[in-house]
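Enquirer: Listed here are the chains, written in short residue letters.
Protein chains: 4
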Amino acid sequence: MKIGIVGANGYGGVELIRYLVNHPYVEIKLLASHSSNGNSIVEQYPHLQGILEMNISELNIEDVKENIDVLFFATPSGVSKELIPQYIEAGIKIIDLSGDLRLQDGSLYEGWYKNTPAPPFALDKAIYGLTELNRELIKEATLVANPGCYPTATLLGLIPALQHKLIDGNSIVIDGKSGISGAGRKTSATTHYSEINENVKAYKLGKHQHIPEIEQIVSQIGNENITVTFSTHLVPMTRGIMCTMYANLKEPINESKVISLYEDYYKDDYFVRIRKGGTWPATKEVTGSNFCDIGITVDERTNKLIIVAVIDNVVKGAAGQAIQNLNVMYGWDEKTGLQTTPLFP
Amino acid sequence: MKIGIVGANGYGGVELIRYLVNHPYVEIKLLASHSSNGNSIVEQYPHLQGILEMNISELNIEDVKENIDVLFFATPSGVSKELIPQYIEAGIKIIDLSGDLRLQDGSLYEGWYKNTPAPPFALDKAIYGLTELNRELIKEATLVANPGCYPTATLLGLIPALQHKLIDGNSIVIDGKSGISGAGRKTSATTHYSEINENVKAYKLGKHQHIPEIEQIVSQIGNENITVTFSTHLVPMTRGIMCTMYANLKEPINESKVISLYEDYYKDDYFVRIRKGGTWPATKEVTGSNFCDIGITVDERTNKLIIVAVIDNVVKGAAGQAIQNLNVMYGWDEKTGLQTTPLFP
Amino acid sequence: MKIGIVGANGYGGVELIRYLVNHPYVEIKLLASHSSNGNSIVEQYPHLQGILEMNISELNIEDVKENIDVLFFATPSGVSKELIPQYIEAGIKIIDLSGDLRLQDGSLYEGWYKNTPAPPFALDKAIYGLTELNRELIKEATLVANPGCYPTATLLGLIPALQHKLIDGNSIVIDGKSGISGAGRKTSATTHYSEINENVKAYKLGKHQHIPEIEQIVSQIGNENITVTFSTHLVPMTRGIMCTMYANLKEPINESKVISLYEDYYKDDYFVRIRKGGTWPATKEVTGSNFCDIGITVDERTNKLIIVAVIDNVVKGAAGQAIQNLNVMYGWDEKTGLQTTPLFP
Amino acid sequence: MKIGIVGANGYGGVELIRYLVNHPYVEIKLLASHSSNGNSIVEQYPHLQGILEMNISELNIEDVKENIDVLFFATPSGVSKELIPQYIEAGIKIIDLSGDLRLQDGSLYEGWYKNTPAPPFALDKAIYGLTELNRELIKEATLVANPGCYPTATLLGLIPALQHKLIDGNSIVIDGKSGISGAGRKTSATTHYSEINENVKAYKLGKHQHIPEIEQIVSQIGNENITVTFSTHLVPMTRGIMCTMYANLKEPINESKVISLYEDYYKDDYFVRIRKGGTWPATKEVTGSNFCDIGITVDERTNKLIIVAVIDNVVKGAAGQAIQNLNVMYGWDEKTGLQTTPLFP
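Protein chains in written order, with full-length UniProt numbering: chain H, 1 to 345; chain P, 1 to 345; chain S, 1 to 345; chain B, 1 to 345.
This is chain H alone, in the form it adopts within the complex (with noise of 0.2 angstroms):
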């Protein structure tokens, strides 16, 4: 099978790179950038040396449609909506990993991405894919709308709660906590290392634009509008996010219960690891891996379920489940490609 990354450069396409040398089903054939277009990737990731020597292009559609039968978008914001369209026409498969196909609404979008939405057909046929969620949807899909980092660690975190009716869905708060690879290589004030560095730094509260992401989802499973507090914090490490996410109980309930619930609810999902009771995860525990783990307490003291999700951004988060969604398109084991070990010390 045949694939093009578009963004080849940034993160997310070099981490879809990682992935894809080693799958077996899948033949890198295009790495298309518009601002490096001509050189080899291994200019500006001498990392690929030996592994991936290949010239990175200007995307053509003529190309595509001769060589390529899925195409990854790791694409800025803003991007992939104006590109989409063509290649949805042209019968091209489509991994989207942008944020914008991910809003059904296409008002929310223009609300918190300050940028006209992408055309109600592309987003009518885009599935959102968070595999745990949309499994069977994304077996039959030709557009995948990959989800953002923060919403994929929250969202896998609050669904069981959730579907239980444990919580209620209104007194949601999430707090999260990213490393840096998340706002991407172009340089900047905010990845400056001297001042990332020795410094954790609170940034967007309620106004990140994963927020109506995350409200889509929980409202669909809560069955109700949901408004979720949700703010953000950037900590000094390369990869990995944290969600801790507080919620009132509806009923009291035991630790030990709500633990054997999100086992039973995630019992067929390798990807998604319970904590036992009393132990807390740790982003190193699932870095360079596709794993989300997760932790829950109940505090009886102030009857509040606490519950910590821990993903790599960029595997969980961004390349590697797009991967997972491919295999689960092309009807492979969801696994093929990703078993990759944390990286652990």
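Treat the hints as calculated values from the structure; they're not laboratory data. Just so you know, even glycine gets a beta-carbon here, dropped at the ideal spot from N, CA and C. Certain hints may be false.
Chain S stretches covered by chain H per the calculated footprint, using a threshold of three residues with CB under 8 angstroms from any CB of chain H [said to hold, decoys possible]:
#1 44 to 57
#2 272 to 279
#3 284 to 296
#4 333 to 343
Chain H is fixed; fit chains P, S and B onto it per the hints.
Expert: Then chains P, S and B, alone, in the frame of chain H:
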């Protein structure tokens, strides 16, 4: 004025030294430690070469009576409660950086610290040393219980909102993020570089011994029994604490109005700085200084007040505040010896 | 093929697990450790949940004889030399990751390791497992002494220059920089996060036990008795070693000529990559992979050859090279199970 | 005494501010910068809130003549050489932190900096501001060329050995390791957190512009033309430089004898500290301070002297030494305003 430091070879002790060697009215006359008496502090801390080449000795009450006016205890939990009573009786002024004298209700200490509490007369005598809150009481104090690091950031962030009755006390959620120095110098698996680096780790969710300390003060301010949700996370940096706090607003209120109330509340407090609307503090902006920086937003969508407070846990969260209290006790300018500019970058 | 890991709960052991769980021809049948027998490896390493849920047991020669073909020793210095003799006699193939069998001259071991050496028959039998150097010998080996981390980077960097007699062996200066994982999992003051972070620390200058290991091989290649200057530094990162090497050129030579000689020397060695002139490797470009990347320059002003070699100390410097040797011993493709792309960023 | 800072919004400038706000004899009257004139320094550096709330303005010679006694230039290469001549003529005292006035031979500047040199009268006037070396000359200076960060550590490490003719100057190899703040605040791929973190990176081997600066002084001390081998590496930390230096001993000499010579050489230099035999300095032991710590060993096996020198590149390697020079110029105690204890941990 002659001071002594008990627990001189821990991080709290060595930070007291950092400031006190430059304090114009203070002379360090004693470094005491059980574990390393007889050696020079420079052997354990070569950064003090040429600055304070002093031997560490065993604590001895007769020596103290003769030579010391004020004794700082920078000892682990459970030590100072045993030692302090005799020094109180001997008329020595004491500033205790540990948690042993912070909880007025001994049974709370017993429950959270799993240890017998200090004798009642000591608890009665101890003034809780959150300088900005208790400045008047500290002026007359002979025994100060210096606040914990998390409570310092949390309380400075919450007190104005509680004083102005803006928020529902029982809805408070505090998400704490701390650098590793908070765990002290003792080696353990949880301070091992290879496992802390590139890692965010949740710990003691809903079970941290700083919870009753926070509740004691917010209940007093809020004039009702308040229970808080409090969780803690280790982030890969040495110094710094950030507490992100969420609470339900009693009435809708404008963000800039809240900021004004905070600015006004702290207008005479040099070490508390309120950020402008739309900006957020970062821990590095207070590193190596005694400041507590606070950012505030109103999340109108969920009717929550969100407060972010940062301190250097070793300074305002320990040694710096202890010296601030010393200054208050002696009627000196509160900033004496403490005007270090944050180390940035 | 059935393997066992002795010292499974150290960083070398857990890295062997990371690779071997995905090795197509290998089955992990035994995790042994003296200190933690009886527990599941997952209790100590939660990142292995769902990947290898296996108990750690006490090493027992009868079990090994029955169930194991190859035994990896990832034990601290001084352990394998005591245990290995009986396993050799029992016909078990052994790959020893410790320093116990690397020095052919037992008296050198005695001098540098301050311990009695392994018995002569074991030292005679042991093949030094620098795969690129000794591939032919390893094919027939039943006992492999896997190289140290610093020697691996150093020797791969120096051997071509010595083979081509470009440099004066006795002028060699090696400046080594290592991440902290090289110090193992044992807690100590020198691995404490708060003191390692934001710190570069020199240690064991001219006294590191890897010196005789390096000298043994460079003397053999250079065909004369060579003494090297070797110093080591801890840098604040978890994985990675860089060795910067300086040597006097015997004759002036063009940089591009040297690079060609290196490229040619390693043309059949997948895991050694030579950088283009004017560019230098960085440790992150090999993190999590078995590559050794080498950059070369000629400093014409001082007539010196400068070589920079980087490896991941836990992979090519330990577990990865051990598996590479296993592959060679069994006639499998050397890359089997080892083709992980470096984790970048 | 009234001072101004040109390039106030770079790291050198902001570090000058950190110290000068607490300097008893100095008043900051001007913050100048081309790129951000008109804004408050606090907008770019919130850590200065309440400490120095001053606007940044465009540099204007008439204002300077009227209001300023001493002007610090903390500007990028190539700026001060254009601006300084007119300020010299106007009788303003100048301390230049850039490399523009360090090389007495203009043609060397041209070759290494690829730029036209400063006018000869300025180069003639400029005193090289390595305080410990040129203290007497600095007392009379009106123009000081403050040393580079690498040269400061290197020269303080080498000078006593050269003075005592212990080593062969042309055998010197200097292996430099620097934190990232040395690259300044400008954003670039080489300062991106995600790529610097967990990474050691070699750069500019044998080509760094600090080479002629080092050679100028060691040749002067050694009284012969000396060429040095000098290489540089970025290590993942914000502040700190370590230079490890290797040189052939002319005659065998005892380690403790060398240490005594060094102690004696620096006995009146408060900011240079010599470590005891068998111990080595670490960069963190000088962080945030103006110290240069030096460790020494004799490698008897190879007859080499090995010297390790560490500084905080932003303090002793830039702003701190500049203020030390100011103190010397004005006859104040050299330590005035500079007695910050290193920030440890």
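Enquirer: It remains to establish, for every hint, whether it holds in the given structure.
Expert: Status of the hints after comparison with the structure:
1. 44 to 57: holds (count 7)
2. 272 to 279: Our answer is that it holds, as 3 residues pass the Cβ test (under 8 angstroms) against chain H, meeting three.
3. 284 to 296: It holds: at least three residues are needed, and the region 284 to 296 of chain S offers 8 whose Cβ sits within less than 8 angstroms of chain H.
4. 333 to 343: Answer holds; 5 residues pass the 8 angstroms Cβ test.
Hint compliance for this structure: every hint is met.
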